[in-house]
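Asks: Okay, here's what each chain looks like letter by letter:
There are 2 protein chains.
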Amino acid sequence: MKRLLMMLAMGFGTCIIANGQNNKLSQRPNIILFLVDDMGWMDTSQPFGDSAMELNRKYHTPNMERMAKDGLLFKQAYVNSVCTPTRTTLISGMSSVRTHITNWTSITPNQATDYKDDELSAPAWNISGLSTGNDLNTYHCEKPLPQLLKDAGYFTIHVGKAHWGSLGTKGSDPMNLGFVVNIAGSSLGHPQSYYGQQNFGNMPGKATFNAVPDLQAFYGKDTFLTEALTQKAISAIDFPIKEKKPFFLYLGHYAVHVPLQPDKRYVSKYVAAGLDSTEAAYASLLEGMDKSLGDIMDYLKKKEIEKNTIIIFMSDNGGLSNTGRGGIRNTHNLPLRAGKGSPYEGGVRIPMLVKWPSVIKPGSKTNSYVSAEDFFPTVLKMAGIKFTGTVDGKSYLPVLKNPSIVKNDRPLLFHYPNRWTTKEDEGYAWSSGMRFGKWKLIYLMKQKNLNCTILIMI
Amino acid sequence: MKRLLMMLAMGFGTCIIANGQNNKLSQRPNIILFLVDDMGWMDTSQPFGDSAMELNRKYHTPNMERMAKDGLLFKQAYVNSVCTPTRTTLISGMSSVRTHITNWTSITPNQATDYKDDELSAPAWNISGLSTGNDLNTYHCEKPLPQLLKDAGYFTIHVGKAHWGSLGTKGSDPMNLGFVVNIAGSSLGHPQSYYGQQNFGNMPGKATFNAVPDLQAFYGKDTFLTEALTQKAISAIDFPIKEKKPFFLYLGHYAVHVPLQPDKRYVSKYVAAGLDSTEAAYASLLEGMDKSLGDIMDYLKKKEIEKNTIIIFMSDNGGLSNTGRGGIRNTHNLPLRAGKGSPYEGGVRIPMLVKWPSVIKPGSKTNSYVSAEDFFPTVLKMAGIKFTGTVDGKSYLPVLKNPSIVKNDRPLLFHYPNRWTTKEDEGYAWSSGMRFGKWKLIYLMKQKNLNCTILIMI
Numbered sequence: 001m002k003r004l005l006m007m008l009a010m011g012f013g014t015c016i017i018a019n020g021q022n023n024k025l026s027q028r029p030n031i032i033l034f035l036v037d038d039m040g041w042m043d044t045s046q047p048f049g050d051s052a053m054e055l056n057r058k059y060h061t062p063n064m065e066r067m068a069k070d071g072l073l074f075k076q077a078y079v080n081s082v083c084t085p086t087r088t089t090l091i092s093g094m095s096s097v098r099t100h101i102t103n104w105t106s107i108t109p110n111q112a113t114d115y116k117d118d119e120l121s122a123p124a125w126n127i128s129g130l131s132t133g134n135d136l137n138t139y140h141c142e143k144p145l146p147q148l149l150k151d152a153g154y155f156t157i158h159v160g161k162a163h164w165g166s167l168g169t170k171g172s173d174p175m176n177l178g179f180v181v182n183i184a185g186s187s188l189g190h191p192q193s194y195y196g197q198q199n200f201g202n203m204p205g206k207a208t209f210n211a212v213p214d215l216q217a218f219y220g221k222d223t224f225l226t227e228a229l230t231q232k233a234i235s236a237i238d239f240p241i242k243e244k245k246p247f248f249l250y251l252g253h254y255a256v257h258v259p260l261q262p263d264k265r266y267v268s269k270y271v272a273a274g275l276d277s278t279e280a281a282y283a284s285l286l287e288g289m290d291k292s293l294g295d296i297m298d299y300l301k302k303k304e305i306e307k308n309t310i311i312i313f314m315s316d317n318g319g320l321s322n323t324g325r326g327g328i329r330n331t332h333n334l335p336l337r338a339g340k341g342s343p344y345e346g347g348v349r350i351p352m353l354v355k356w357p358s359v360i361k362p363g364s365k366t367n368s369y370v371s372a373e374d375f376f377p378t379v380l381k382m383a384g385i386k387f388t389g390t391v392d393g394k395s396y397l398p399v400l401k402n403p404s405i406v407k408n409d410r411p412l413l414f415h416y417p418n419r420w421t422t423k424e425d426e427g428y429a430w431s432s433g434m435r436f437g438k439w440k441l442i443y444l445m446k447q448k449n450l451n452c453t454i455l456i457m458i
Numbered sequence: 001m002k003r004l005l006m007m008l009a010m011g012f013g014t015c016i017i018a019n020g021q022n023n024k025l026s027q028r029p030n031i032i033l034f035l036v037d038d039m040g041w042m043d044t045s046q047p048f049g050d051s052a053m054e055l056n057r058k059y060h061t062p063n064m065e066r067m068a069k070d071g072l073l074f075k076q077a078y079v080n081s082v083c084t085p086t087r088t089t090l091i092s093g094m095s096s097v098r099t100h101i102t103n104w105t106s107i108t109p110n111q112a113t114d115y116k117d118d119e120l121s122a123p124a125w126n127i128s129g130l131s132t133g134n135d136l137n138t139y140h141c142e143k144p145l146p147q148l149l150k151d152a153g154y155f156t157i158h159v160g161k162a163h164w165g166s167l168g169t170k171g172s173d174p175m176n177l178g179f180v181v182n183i184a185g186s187s188l189g190h191p192q193s194y195y196g197q198q199n200f201g202n203m204p205g206k207a208t209f210n211a212v213p214d215l216q217a218f219y220g221k222d223t224f225l226t227e228a229l230t231q232k233a234i235s236a237i238d239f240p241i242k243e244k245k246p247f248f249l250y251l252g253h254y255a256v257h258v259p260l261q262p263d264k265r266y267v268s269k270y271v272a273a274g275l276d277s278t279e280a281a282y283a284s285l286l287e288g289m290d291k292s293l294g295d296i297m298d299y300l301k302k303k304e305i306e307k308n309t310i311i312i313f314m315s316d317n318g319g320l321s322n323t324g325r326g327g328i329r330n331t332h333n334l335p336l337r338a339g340k341g342s343p344y345e346g347g348v349r350i351p352m353l354v355k356w357p358s359v360i361k362p363g364s365k366t367n368s369y370v371s372a373e374d375f376f377p378t379v380l381k382m383a384g385i386k387f388t389g390t391v392d393g394k395s396y397l398p399v400l401k402n403p404s405i406v407k408n409d410r411p412l413l414f415h416y417p418n419r420w421t422t423k424e425d426e427g428y429a430w431s432s433g434m435r436f437g438k439w440k441l442i443y444l445m446k447q448k449n450l451n452c453t454i455l456i457m458i
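Protein sequence lines correspond, in order, to chains A and B. First residue of the first sequence: 1, per the numbering used here; consecutive thereafter. First residue of the second sequence: 1, per the numbering used here; consecutive thereafter.
Do not take every clue at face value.
Any copy will do: because identical chains look the same in the list, a pair fits if it lies in one copy or spans two.
Straight-line distance between alpha carbons at most 20 Å, and here's what the computed DMTMM-like set of lysine to aspartate or glutamate pairs gives [claimed, not checked]:
id	residue 1	residue 2
1	Lys-143	Glu-243
2	Lys-245	Asp-151
3	Lys-143	Asp-238
4	Lys-244	Asp-151
5	Lys-307	Glu-65
6	Lys-303	Asp-151
7	Lys-242	Glu-142
8	Lys-401	Asp-70
9	Lys-264	Asp-222
Don't read these hints as lab results, they were simulated from the structure.
Start from the sequences and build out the full structure, keeping to the hints where you can.
Replies: Below is the structure:
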């Protein structure tokens, strides 16, 4: 079995060399990655399918609708099914199959996060994440994307959730990955608390490693974490704007990851609409995130830099649905199947929007599929940076310029030889997936599934 | 009594308007404030008196000796007798008499730190520190020094101890005071732990508000806090160096404040020399700090920017001597009297060095006296920034150019209408002091001292 997993890993890891070219822009664009945590493809009032469906009516995300009107909507954007593999792929350009960071990383270094299993154990993976150092059990990445951007003169800012490596590794500190400024980013994958009144977890004697750093000015205040991060992000981009330096802002919201704590600015209307308390909290986390997006867009407009500022809106995996949500399991991403942790569409397909007024035709949509690996080469092209290292993705800059280009003729991989939680149905453990054109192949590794291989038409 | 204190306060708060002028330097210098915590005038092998004395032989600070050889030594540099008043003065240019930040600020907002006293209570002071916002019980400073420098195009970096305001206030976050980058600065006045192995205090369930933020890459490592901050500072100045932008680095070491934890790189030789464990730890904290100074100087040289980089070495108050040290109380700053918290020389006179190869004659010394208030107008002059607000200090740029200038003809104030600890002798509580020329006036406020006024010749 282990041999089979290894073969699969090797087969997936084909090497693609991407050579960036200088773009022709006289002024390099600012680039914002607006990354939401655990947000599903249906977690928005902006439909990503052909038409609005039931779940689209559950949520209110007016600023995503506004962004879709102004930019390009990707109907088929993919990432990994859990967070760290997507996040390390975004800044390395390499598939988790190559980096061997296949599961989420623990805050504690050298500690695998795989749930105990009687039958299978995970093949060796880099359980401490990605690092620019030589830390044990990490994938060494000499020049992550922020470093390349910084080297090219970009002012690089990290705000929010990092989760690239375990504590004690170089990768745990965004400043070691090329960020000039880091606010609130560390090894933690979710916040201890979303509430300023609880100091985001920083309570003497009660703080865990999940207490969010760097937000002391909001301690004791009625400020929700999403709002605090937004204010810090806006404040941080002021310097490069004033200095007329291009900037890269990586705004990684902790929302909408558990703990599903209600954002009281928005929760009442969802309760009034009949949602249970968990789902109302979830919806309020989404709307708080959406308000952040609106604030960022407004600020760019106010500063008169919106035309040459690119915003890329993404999530890091599909919506949570196997545990911890209200209502019935595996319904939270419908019509997509399953959710976070699964290679089925609910686990890997994400809402994605790109806004770039000087390049993208407003209100465009595309069926071109893209993956987490594509972010790295695309951003390098946007910034006009040449790069000759290994890249597993492909720039989607041509799609931004012409959304009718649809060349879905390469394999997209979802390799998860790991186990996440108690529940194992729907591919939530020991699975791999590959999308190719209209087809998707799912491989379930457990013997009881008889090495089950399922072919699905998308 | 209270009326008397108020009159004293008003009298001290005379308004001096300083108008900066653009300096003639074609290239603006980089400016580094190397600020040590609680370091006394005698805590170094570099004599600041006329000759080496007993305590100078106790410590090893070769890099301070090296800096003195390369720069200018101030024999009579003064600050406040406790930390926050000095620190808020440094970045506001105003006396603590004016800002009414007369004592150290608690991490908890709106909580006075005065030790309980049966006879006196402190006049109203800004117990939550300095802020750019309108936080309760803070002194509002619209444009602190880092903000003025940033506005003028300086890349402003804060590393280490901040301690300008209590948690929940704007002033608790150095980024709100004009720093583009903040590493490890918050409301805390001393670290929970100096040890990387103890995550600088960030241990789940054990962390207090004194756990040092932002150093996650060193967690679990054998890295002393002073070393971690130095590495972060060096890494942070790389960006402005590469971008050829002038920078302001405020490196506020937590050393040599309590807890007096031994720095194991240096402690053995002090134990071997017969120092008790507390004093050996203290000496090792000093030498670790000195190593940091050497590393910074080496790095400037390596990057070929030392000529146009100014380093200002200071401490924030006199050396601790009334409690918590080994040996006999009130001997740790001899021949200076008393220590931290007292208006006597041991509490307010600090070791100060300035290095600026393109301006200062190597190996100079001056008897010109300077105060914490002078830092602000001096740095503005160095950076060529005009400023028309209120400043209580005076630029010592002329002294840097000509150290033989000695015009000690203005009053220097040490106003501490507060109580610090159990011990009240030697001016450790309820005192004011004024130096003027050769004379120093000490006023002890307690009735049992019969409103004692003491005049001393320096």
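Asks: Please flag the earlier hints that this structure goes against, numbers listed from lowest up.
Replies: none
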